[in-house]
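Chains A and B are the protein sequences, given in the same order. Heads up: the first sequence begins at 1 in this note's numbering, then just goes up one per residue. Heads up: the second sequence begins at 1001 in this note's numbering, then just goes up one per residue.
For the record, the hints were derived by calculation from the structure and aren't laboratory data. Among the hints, erroneous ones may be present.
[As the list claims (entries may be wrong)] Cross-link-like lysine-lysine pairs, in silico, DSSO-like; alpha carbons within 27 Å at most:
| no. | chain 1 | residue 1 | chain 2 | residue 2 |
| --- | --- | --- | --- | --- |
| 1 | B | 1024 | A | 177 |
| 2 | B | 1059 | A | 202 |
| 3 | B | 1189 | A | 92 |
| 4 | B | 1187 | A | 28 |
| 5 | A | 24 | B | 1187 |
| 6 | B | 1028 | B | 1202 |
| 7 | A | 187 | B | 1064 |
| 8 | A | 202 | B | 1106 |
| 9 | A | 187 | B | 1005 |
| 10 | A | 189 | B | 1028 |
| 11 | A | 112 | B | 1202 |
| 12 | B | 1128 | B | 1059 |
| 13 | A | 28 | A | 202 |
| 14 | A | 5 | B | 1128 |
| 15 | B | 1187 | A | 112 |
| 16 | B | 1177 | A | 187 |
| 17 | B | 1005 | A | 177 |
| 18 | A | 189 | B | 1059 |
Treat the numbers as computed from the prediction; the structure is a model and nothing was measured.
If you want the building blocks of each chain, they are given just below.
2 protein chains.
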Amino acid sequence: MMNNKGILIVLSGPAGTGKGTVCKEFLKRNADTSFSISATTRSPRPGEEDGREYFFISKDQFFKMKDDEGFLEYAEFCGNYYGTPVAAVMKKLDAGQNVILEIEVKGAMQIKEKVPEAVLVFIAPPSKEILRKRIEGRGTEPQDIIDRRMEIAENELALIHNYDYIIVNDQVEEAVKRFEIIKNAEKLKTIRNNEFILEVCK
Amino acid sequence: MMNNKGILIVLSGPAGTGKGTVCKEFLKRNADTSFSISATTRSPRPGEEDGREYFFISKDQFFKMKDDEGFLEYAEFCGNYYGTPVAAVMKKLDAGQNVILEIEVKGAMQIKEKVPEAVLVFIAPPSKEILRKRIEGRGTEPQDIIDRRMEIAENELALIHNYDYIIVNDQVEEAVKRFEIIKNAEKLKTIRNNEFILEVCK
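Input sequences plus hints: build the corresponding full structure.
Structure representation (structure tokens):
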């Protein structure tokens, strides 16, 4: 059964849920899926490379792209702007490639509105206690930073019901399998198989 | 992650798509899922047993149950009535067991209306030509019967867009796997994990 278009997958979840690891492992094993590189106005951190983690652009460039409808979604976070360049994503989807956007909740809601067939996946911690330990466990940060991170995580968790699926990341291996199940099930959705329907009904 | 309730799965598809075989194989391998036995006013065929293939009841009994809201859905087919007894299904769902209803399109639409979280799965032939061969291949029937069956199958296929998922039954083994992927993905749906959400957000 052929699928015309790739699936647009939005992946969100609080810091400390291991979202990045799950995403990386998933991409290694699923050649039919690629990662959308966001544009950001924040400075590169040590080890980050332009065009790998992010496209690092100026605020002027960012707002010009925004005004030209160049972003599928964008958001401001801690004074920096982040956006998903629309052209690259659409090109991949049209070629049948699935695309993952790792973005936060506000951006996810923009995607849901613009691309109703997008699939919103939330990576959740097994429990709030475990999330707290993971956030504290990063170690060297002062308590007020940890409290602030926990507050942000709780605000993100409060929006979980806006997502289509929840993956609890208790073990990375299991979480990746669940992610694959979601992708594979979505490929079987009626709305994604119009060509087959036309063929079998003609 | 605990799921409170089982998933109500509606399985439909034209005769000749191997729907029954896929369903039987699926049930063998998935102890978390059981089959809803319909009630019917038609006579048992040789080899059929009351309470195994169907509950065989009289028309009087059928209409009494219908008036008492005893059916989740019901339909008339070739002069006989078929219905899904609601009590047994609800008891299983409440106990966390998934339930498969193997019913035709009219019944499926009634379920979608009454139980919006039900999952509608259509078993489709790989192509219309293959469906025709399968229907003819049953062998001993006269041409007008075959034509009539093909017409019914085409009318069913025309309603495929009302279903959530399509499983193309090219190979039984693959079709069963796809069915399992759908069930497992549905368990990860946000709407089916309210208890977890309450727990992790509290």
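Here is what the structure says about each hint:
Between residue 1024/B and residue 177/A the CA atoms are separated by roughly 25 Å; this keeps the pair inside 27 Å, and the hint holds. Between residue 1059/B and residue 202/A the alpha-carbon distance is near 38 Å, which puts this suggested pair outside the 27 Å criterion. A hinted pair counts as satisfied when its Cα atoms are at most 27 Å apart, and residue 1189/B with residue 92/A qualifies at roughly 26 Å. Our distance criterion of 27 Å between C-alpha atoms is met by residue 1187/B and residue 28/A, whose separation comes to about 25 Å.
For a cut-off of 27 Å, the pair hint linking residue 24/A to residue 1187/B stands: about 23 Å separates their Cα positions. For a cut-off of 27 Å, the pair hint linking residue 1028/B to residue 1202/B is broken: about 39 Å separates their Cα positions. About 43 Å separates the Cα atoms of residue 187/A and residue 1064/B, which puts this hinted pair outside 27 Å; it is violated. This hinted pair checks out: residue 202/A and residue 1106/B have alpha carbons roughly 21 Å apart, not beyond 27 Å.
A threshold of 27 Å between alpha carbons decides the hint, and for residue 187/A with residue 1005/B the separation of about 25 Å falls inside it, so the pair holds. Among the hinted pairs, residue 189/A with residue 1028/B is consistent with the structure: their alpha-carbon atoms are about 24 Å apart, no more than 27 Å. Between residue 112/A and residue 1202/B the CA atoms are separated by roughly 26 Å; this keeps the pair inside 27 Å, and the hint holds. At roughly 36 Å between alpha-carbon atoms, residue 1128/B and residue 1059/B are farther apart than 27 Å, so this suggested pair is violated.
A distance of roughly 39 Å separates the Cα atoms of residue 28/A and residue 202/A; the hinted pair therefore is violated under the 27 Å criterion. Annotation: proposed proximity of residue 5/A to residue 1128/B holds, straight-line Cα distance about 23 Å (limit 27 Å). For a cut-off of 27 Å, the pair hint linking residue 1187/B to residue 112/A stands: about 21 Å separates their Cα positions. Between residue 1177/B and residue 187/A the CA atoms are separated by roughly 13 Å; this keeps the pair inside 27 Å, and the hint holds.
About 22 Å separates the Cα atoms of residue 1005/B and residue 177/A, which keeps this hinted pair within 27 Å; it holds. Between residue 189/A and residue 1059/B the CA atoms are separated by roughly 38 Å; this puts the pair beyond 27 Å, and the hint is violated.
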